[in-house]
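Number of protein chains: 2
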Amino acid sequence: MKIVESIPELRKELSKLAHPIGFVPTMGYLHEGHLSLVRKAREGNPSVVVSIFANPTQFAPEEDLENYPRDIKRDLELLTTEGADVVWIPTVEVMYPEGYQTWVEVESLSTMLEGSFRPTHFRGVTTVVAKLFNAVGPDRAYFGQKDAQQAVVIQQMVRDLNYPIEIVVCSIIREDDGLAMSSRNTYLNENERVAARCLSRGLFQARDAFLSGERRAETLTQIVSDEVKAEELADLQYVSCADPETLVELDGEVKSCLISMAVYIGKTRLIDNIILGVS
Amino acid sequence: MKIVESIPELRKELSKLAHPIGFVPTMGYLHEGHLSLVRKAREGNPSVVVSIFANPTQFAPEEDLENYPRDIKRDLELLTTEGADVVWIPTVEVMYPEGYQTWVEVESLSTMLEGSFRPTHFRGVTTVVAKLFNAVGPDRAYFGQKDAQQAVVIQQMVRDLNYPIEIVVCSIIREDDGLAMSSRNTYLNENERVAARCLSRGLFQARDAFLSGERRAETLTQIVSDEVKAEELADLQYVSCADPETLVELDGEVKSCLISMAVYIGKTRLIDNIILGVS
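Line by line, the protein sequences are chains A and B. Under my numbering, think of the first position of the first sequence as 10, with each following residue one higher. Under my numbering, think of the first position of the second sequence as 10, with each following residue one higher.
Check the hints yourself; a few may be wrong.
It does not matter which identical chain is meant; a pair holds if it fits inside one copy or across any two.
What the hints assert, rightly or not - Quick list of in silico lysine to aspartate or glutamate cross-link-like pairs, DMTMM-like style, CA-CA up to 25 Å: (1) 82 - 107; (2) 155 - 75; (3) 264 - 107; (4) 25 - 14.
No lab work stands behind these hints: they were computed from the structure.
With the hints as constraints, model all of the structure from the sequences given.
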């Protein structure tokens, strides 16, 4: 496994790889969710490239960039085990050198859901993903369904900007008690960790209601909201029932939907989601 | 020479081409300026791809998109003669399908010079060039020095977004009387065509002054400005003496500079420029 930092080093290693190249962009502090993406890439492609970069432009000033968990040594051990071919770990100076001034923005989709609470977030995501795509030139790129809106925004960017890249969105990986895996779960203390179960509990209850025939958007979100509000340590920021492709908020009877939510557990902001009615 | 419209057709033809691929993006109505780019691409690469697309997003509503000159038949004859391998002529629907919403913007450089008079122009340029680059995947791309700021903005975009593409900027091609070749020259009537000589005449006088030792930015622009103002049919919009790389306006003594200008000749807006002090 080759570990590179600069773009010239990266290009040199890429030139030795057979296509198709499967690419997994990450912010590091890898968990089973990330590793499931790497395995999927490994299964489907002769070459696998992983990037580790906690991208500052997708964090707002008041967000947790400074404290974002890091453990590069452990990440590299995990990626060695999974059989990645190249790991690219650029510095902030490599990605955003002095005078940097170019932005990629998916306008409408970036303003919805998470975007309404984190107005500069997706501009940072799409910009860094465009940069990673241009540098790596992958044939396939793997993203987690955990960041549901990110997956939709990136698929739109790829379509709009004519990237010859297949986007593969992989299922959420959960802890045994249902909590969606996230690097940010490490912020939770013991009580908060228990309280954090309310997100998936709410979503699973909405799923069960849907499977039992409940189709009203308002009822489905109410089920999630009730579950979160019953948890003392939880503070619900939003719960949404939206079209899974356009992210437009739904009301009344729905055929399929993305139920997504953000919840503060103490100071830690967690997100989770479930897609209903799509096979 | 293969002529394609859709992206799947384009991809199919691209897969047959040997690398490096030289790419010349154009808006059609080709003149010797464009053909000089195609020849340069032809000399330097086993494969040459040309695109013809009058990009609506780089025209403001009051600008001349509707009347922009077109002659695809003649363009294709010229490109056959020059030996292009693939000509891509996408429709507006191919490039901007319903729901299109992604933009690439080089922030600071896009607001200067031309950008201060055409505030949405460079966002349209960088977006379409990113789309063309992603679709064609060239190794080298050729642009004319005639659009000096465009060349600087695109070089910044390529650097910032990590495009593995070499940008080749080619000299301005001029008519015998000095007028820089432009598809828009076709708008000029006989008297206007004569009047239009004032742009290059002013620039050449500034160059001669520079070669004779004149180094004051204000004097160099004054020379250009005086020459244009002496021409009754000409209306000077701006003349600038700027740093050739940062486009920052210069004053006092200069070592090197980009002198650029926009002039209305009747209703036709013409631009021209010259770089001084750079070998």
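Verification of the hints:
1. 82 - 107: neither (28 Å within a copy, 46 Å between copies)
2. 155 - 75: within (22 Å within a copy, 46 Å between copies)
3. 264 - 107: Intra 49 Å, inter 23 Å, cutoff 25 Å: inter-copy only.
4. 25 - 14: within (17 Å within a copy, 33 Å between copies)
Checked against the numbered hints above, the structure breaks only hint 1 and satisfies the rest.
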